[in-house]
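Here are the chains, one letter per residue:
Number of protein chains: 2
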Amino acid sequence: MTAYFTAENSVAAVNARMSDDANPRLREVLDALVRHLHAFTKEIDLTQEEWELAIDFLTRTGKICSDERQEFILLSDVLGLSMLVDAINNPRPEGATESTVLGPFHVVGAPVREMGDRINLDGKGESCLYEGRVLDLEGKPIAGACIDVWSDNAEGFYDVQQPGIQPKWNNRGRFVTGADGRYSFVGIKPVSYPIPDDGPVGKLLEQLGRHPYRPAHMHYMLTASGFRKLVTHTFVGDDAYLASDAVFGVKKSLIARFERLENAATEWRSPFDFVLAPE
Amino acid sequence: MTAYFTAENSVAAVNARMSDDANPRLREVLDALVRHLHAFTKEIDLTQEEWELAIDFLTRTGKICSDERQEFILLSDVLGLSMLVDAINNPRPEGATESTVLGPFHVVGAPVREMGDRINLDGKGESCLYEGRVLDLEGKPIAGACIDVWSDNAEGFYDVQQPGIQPKWNNRGRFVTGADGRYSFVGIKPVSYPIPDDGPVGKLLEQLGRHPYRPAHMHYMLTASGFRKLVTHTFVGDDAYLASDAVFGVKKSLIARFERLENAATEWRSPFDFVLAPE
Numbered sequence: 001m002t003a004y005f006t007a008e009n010s011v012a013a014v015n016a017r018m019s020d021d022a023n024p025r026l027r028e029v030l031d032a033l034v035r036h037l038h039a040f041t042k043e044i045d046l047t048q049e050e051w052e053l054a055i056d057f058l059t060r061t062g063k064i065c066s067d068e069r070q071e072f073i074l075l076s077d078v079l080g081l082s083m084l085v086d087a088i089n090n091p092r093p094e095g096a097t098e099s100t101v102l103g104p105f106h107v108v109g110a111p112v113r114e115m116g117d118r119i120n121l122d123g124k125g126e127s128c129l130y131e132g133r134v135l136d137l138e139g140k141p142i143a144g145a146c147i148d149v150w151s152d153n154a155e156g157f158y159d160v161q162q163p164g165i166q167p168k169w170n171n172r173g174r175f176v177t178g179a180d181g182r183y184s185f186v187g188i189k190p191v192s193y194p195i196p197d198d199g200p201v202g203k204l205l206e207q208l209g210r211h212p213y214r215p216a217h218m219h220y221m222l223t224a225s226g227f228r229k230l231v232t233h234t235f236v237g238d239d240a241y242l243a244s245d246a247v248f249g250v251k252k253s254l255i256a257r258f259e260r261l262e263n264a265a266t267e268w269r270s271p272f273d274f275v276l277a278p279e
Numbered sequence: 001m002t003a004y005f006t007a008e009n010s011v012a013a014v015n016a017r018m019s020d021d022a023n024p025r026l027r028e029v030l031d032a033l034v035r036h037l038h039a040f041t042k043e044i045d046l047t048q049e050e051w052e053l054a055i056d057f058l059t060r061t062g063k064i065c066s067d068e069r070q071e072f073i074l075l076s077d078v079l080g081l082s083m084l085v086d087a088i089n090n091p092r093p094e095g096a097t098e099s100t101v102l103g104p105f106h107v108v109g110a111p112v113r114e115m116g117d118r119i120n121l122d123g124k125g126e127s128c129l130y131e132g133r134v135l136d137l138e139g140k141p142i143a144g145a146c147i148d149v150w151s152d153n154a155e156g157f158y159d160v161q162q163p164g165i166q167p168k169w170n171n172r173g174r175f176v177t178g179a180d181g182r183y184s185f186v187g188i189k190p191v192s193y194p195i196p197d198d199g200p201v202g203k204l205l206e207q208l209g210r211h212p213y214r215p216a217h218m219h220y221m222l223t224a225s226g227f228r229k230l231v232t233h234t235f236v237g238d239d240a241y242l243a244s245d246a247v248f249g250v251k252k253s254l255i256a257r258f259e260r261l262e263n264a265a266t267e268w269r270s271p272f273d274f275v276l277a278p279e
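So the protein lines, in turn, are chains A and B. Per the numbering used here, the very first residue in the first sequence carries number 1; after that it's consecutive. Per the numbering used here, the very first residue in the second sequence carries number 1; after that it's consecutive.
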């Protein structure tokens, strides 16, 4: 029989209630959750008033979620949890390109385009040629790799944030490599932008004295038969927010060169090779 | 300058972003939150899929909250967090009556009644005389103590859960002690009931193999000038759920006697003395 709850035996009192028949992984996760939650609460001597503030914060965070907005993911992002889950789940062998967060703006089914095609359909921003190779760990080109790319527009918004304002599929496209593993497309030099900051998470950042900006980046999702899926970004090398990304997505190896061009078809060129790990 | 995020430095990377100008208590709480959240995540090697389940769970928990329902409080209750916060915030000197959770069904402003009055207005259930004294730590009666009481009805519902079905203020009342510190009122012998279990928290309990029942109890909130407010219950001594209260509210010292009466005005009698701690 379980002992009655006390502050001293609080973890055991709660966890002893789980049935032996419950899913073993669920038991493991809940056991650890209760242990860490109670340790946190005891360490900081959480007051009744602070508990009420926390209940209210979580409730407002849930209430603002919609088909277009996921405030709990935003909370996970700004607490570094999303990047931690990415790190735990996507260890890479030495030499393979590192991953980073997917973010909320990926859309399945972007148009498949020809190498060299333009993805910025709204005519705004500074044009940039993206090019490079998709390689395996031995430096050999991967044929038939699908490169799904997306970025914000020159004003810092993704097409799905401005339906009816931006052209559909603006700054999005999929490209499939040939035998040489090469890719190239024309987009814009992306710009830094704030994560949605008019809700509970934005208010929290403000109270912590943190800004809501992400440094400029191009999103990539690479898939190829026999290789592990890679979700990553490349970052614009001179961005002011590289060291303070609101969601902690920057890795040094993902900072790309952006070269200013003269007398060329685009204003910038950004070379980057991707190396995929085998499955 | 902050180092880029890695799984190893994850806590430092996030917490270094807080401004020195932020509220010191907020910094302290967030610092501990990030430390415990990341330790939990690393300990259990949280998968991407489990992270998605957690985001969805929190979102549904927020969505079901309304003016009549607070699913995050329910979540706090079933994880033992509400009782832990009560224990941290309400230490009592030896000899004082112990506290327990307020619960979601207290209503401010119940009618002030005369000692001995009846609070069960719907004519249902087994009647019970509640009586005893309000005392200080030295055993002296406290005059002018306000005793605010509330319970479910014989079917396990509070009046506010059944507006239009139960009479207003059914099973509620306030009583003020005289010079002898004595109180008495007639209510019902309360019954055990399930917490609302048709939402995400109820589903979680089911998956953990836990039942949603609370053992039968009478709620009390005692206030008196010069003494600390006491929020507590008395529990019906023979209840089948005493050792497995879904919200962990039971303390041994709060289990009251319920005596069967013969040839009396009520079917039961429950004596209980309350001892208040000085402010």
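Please keep in mind that the hints were generated in silico from the structure rather than gathered at the bench. These figures come from a predicted structure and were not determined experimentally. Any given hint could be a false lead.
To be verified - No more than 16 Å apart at the CA atoms, straight line, and that leaves these computed lysine to aspartate or glutamate pairs for EDC-like:
#	chain 1	residue 1	chain 2	residue 2
1	B	Lys42	A	Glu94
2	B	Lys252	B	Glu8
3	A	Lys251	A	Asp31
4	B	Lys251	B	Glu68
5	A	Lys251	A	Asp238
6	A	Lys63	B	Glu68
7	A	Lys251	B	Glu8
8	A	Lys63	B	Glu94
What the hints assert, rightly or not - Incomplete in silico selection of chain A near chain B, CB under 8 Å:
#	residue
9	Ala22
10	His38
11	Phe40
12	Thr61
13	Leu135
What the hints assert, rightly or not - Here are the in silico distance ranges between beta carbons for each label pair:
#	chain 1	residue 1	chain 2	residue 2	range
14	B	Ala7	A	Ala243	17 to 23 Å
15	B	Glu267	A	Asn23	43 to 49 Å
16	A	Pro104	B	Pro196	28 to 34 Å
17	A	Asp238	B	Asp56	25 to 31 Å
18	B	Glu155	A	Asp21	26 to 32 Å
19	A	Pro91	B	Asp31	26 to 32 Å
20	B	Ala179	A	Arg60	47 to 53 Å
21	B	Ser253	A	Asn23	53 to 59 Å
22	A	Lys203	B	Val108	26 to 32 Å
23	A	Ser66	B	Glu155	35 to 41 Å
Just so it is clear, CB atoms sit at the ideal spot from N, CA and C, and this is done for glycine as well.
Going through the hints against the structure:
{"no.": "1", "hint": "B:Lys42 <-> A:Glu94", "in the structure": "violated, 22 Å"}
{"no.": "2", "hint": "B:Lys252 <-> B:Glu8", "in the structure": "violated, 45 Å"}
{"no.": "3", "hint": "A:Lys251 <-> A:Asp31", "in the structure": "violated, 33 Å"}
{"no.": "4", "hint": "B:Lys251 <-> B:Glu68", "in the structure": "violated, 28 Å"}
{"no.": "5", "hint": "A:Lys251 <-> A:Asp238", "in the structure": "holds, 14 Å"}
{"no.": "6", "hint": "A:Lys63 <-> B:Glu68", "in the structure": "holds, 15 Å"}
{"no.": "7", "hint": "A:Lys251 <-> B:Glu8", "in the structure": "holds, 13 Å"}
{"no.": "8", "hint": "A:Lys63 <-> B:Glu94", "in the structure": "violated, 43 Å"}
{"no.": "9", "hint": "Ala22", "in the structure": "holds, 5 Å"}
{"no.": "10", "hint": "His38", "in the structure": "holds, 6 Å"}
{"no.": "11", "hint": "Phe40", "in the structure": "holds, 4 Å"}
{"no.": "12", "hint": "Thr61", "in the structure": "holds, 6 Å"}
{"no.": "13", "hint": "Leu135", "in the structure": "violated, 24 Å"}
{"no.": "14", "hint": "B:Ala7 <-> A:Ala243: 17 to 23 Å", "in the structure": "holds, 19 Å"}
{"no.": "15", "hint": "B:Glu267 <-> A:Asn23: 43 to 49 Å", "in the structure": "holds, 45 Å"}
{"no.": "16", "hint": "A:Pro104 <-> B:Pro196: 28 to 34 Å", "in the structure": "holds, 31 Å"}
{"no.": "17", "hint": "A:Asp238 <-> B:Asp56: 25 to 31 Å", "in the structure": "violated, 38 Å"}
{"no.": "18", "hint": "B:Glu155 <-> A:Asp21: 26 to 32 Å", "in the structure": "holds, 31 Å"}
{"no.": "19", "hint": "A:Pro91 <-> B:Asp31: 26 to 32 Å", "in the structure": "holds, 27 Å"}
{"no.": "20", "hint": "B:Ala179 <-> A:Arg60: 47 to 53 Å", "in the structure": "holds, 48 Å"}
{"no.": "21", "hint": "B:Ser253 <-> A:Asn23: 53 to 59 Å", "in the structure": "violated, 36 Å"}
{"no.": "22", "hint": "A:Lys203 <-> B:Val108: 26 to 32 Å", "in the structure": "holds, 29 Å"}
{"no.": "23", "hint": "A:Ser66 <-> B:Glu155: 35 to 41 Å", "in the structure": "holds, 38 Å"}
In summary, the structure is inconsistent with hints 1, 2, 3, 4, 8, 13, 17, 21 from the numbered list given earlier, while agreeing with the others.
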